[in-house]
Amino acid sequence: KQEVTQIPAALSVPEGENLVLNCSFTDSAIYNLQWFRQDPGKGLTSLLLIQSSQREQTSGRLNASLDKSSGRSTLYIAASQPGDSATYLCAVWNYGGSQGNLIFGKGTKLSVKP
Amino acid sequence: DGGITQSPKYLFRKEGQNVTLSCEQNLNHDAMYWYRQDPGQGLRLIYYSQIVNDFQKGDIAEGYSVSREKKESFPLTVTSAQKNPTAFYLCASSIVAGSDNEQFFGPGTRLTVL
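Chain order of the listed sequences is A and B.
Counting from 949, one number per residue, gives the positions in the first sequence under my numbering.
Counting from 367, one number per residue, gives the positions in the second sequence under my numbering.
Think of the hints as simulated: they come from the structure by calculation, not from any bench.
One or more of the hints may lead you astray.
What the hints assert, rightly or not - Derived CB-CB ranges, DEER-like:
1. B:D404 / A:Q1002: 27 to 33 Å
2. B:K436 / A:N970: 28 to 34 Å
3. B:N450 / A:G989: 16 to 22 Å
4. A:A958 / B:P374: 41 to 47 Å
5. A:V961 / B:G369: 28 to 34 Å
6. B:K436 / A:A1027: 41 to 47 Å
7. A:V968 / B:Y376: 44 to 50 Å
As the list claims (entries may be wrong) - Under 7 Å between C-beta atoms, here's a sample of chain A residues computed to sit facing chain B:
8. K990
9. G991
10. L995
11. N1049
12. K1054
What the hints assert, rightly or not - Derived EDC-like pairs (lysine to aspartate or glutamate); straight-line CA-CA distance at most 16 Å:
13. B:K436 / B:E390
14. A:K949 / B:D425
15. B:K375 / A:D987
Bear in mind the structure is a predicted one, so any value in this text is a computation, not a measurement.
Virtual Cβ for every residue (Gly too), placed ideally from N, Cα, C.
Please put together the full structure from these sequences, using the hints given.
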């Protein structure tokens, strides 16, 4: 059974720092991996989707990498800003899973201090 | 303005009552999903629908029911059989069901059982 783990559960950094959020998964047979952002009491906003054949995706100050063989993905945020404060979730889609089933981690709560 | 809407934002229910959560999308997406989020937990799939008049159980379907009579709408009913219904409910959609397709989320409904 696929399990997705995000470490750390919470992270606090000063504004301007570059930071890395980690996501690991136990079964490397995935179709893709998706990173989301969730603000308190809100829905999820999709940040990046990495297909299993890709190594990384970039959007603005965000860069996500994927290493299927080691079961890891990282989300790199450059020059962090207070507006980046949110919970970041990663999710994977397995081979053999149902057509609906993204498997989510519990998230990393990021706080960027001005 | 394209997107996914959920209503109401907050919902209070007495024990023993059924309640229905609304989810509407104008993205012309075939697939729609319902997830449940509990504090400190990852999202868990309740039901999903690949096309009108079709839906499938997810990991935690017991105590819930859905319908998909229109492409735009995928209401979720939380029945009295659901033992612990207090949670944050998120609706999502994708162009079609399946692993290559990015899921987009609504703003969520917070259900509290009194």
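Exercise. Which hint numbers doesn't this structure obey?
Worked result: Hint check: 2, 4, 7 and 10 fail, others pass.
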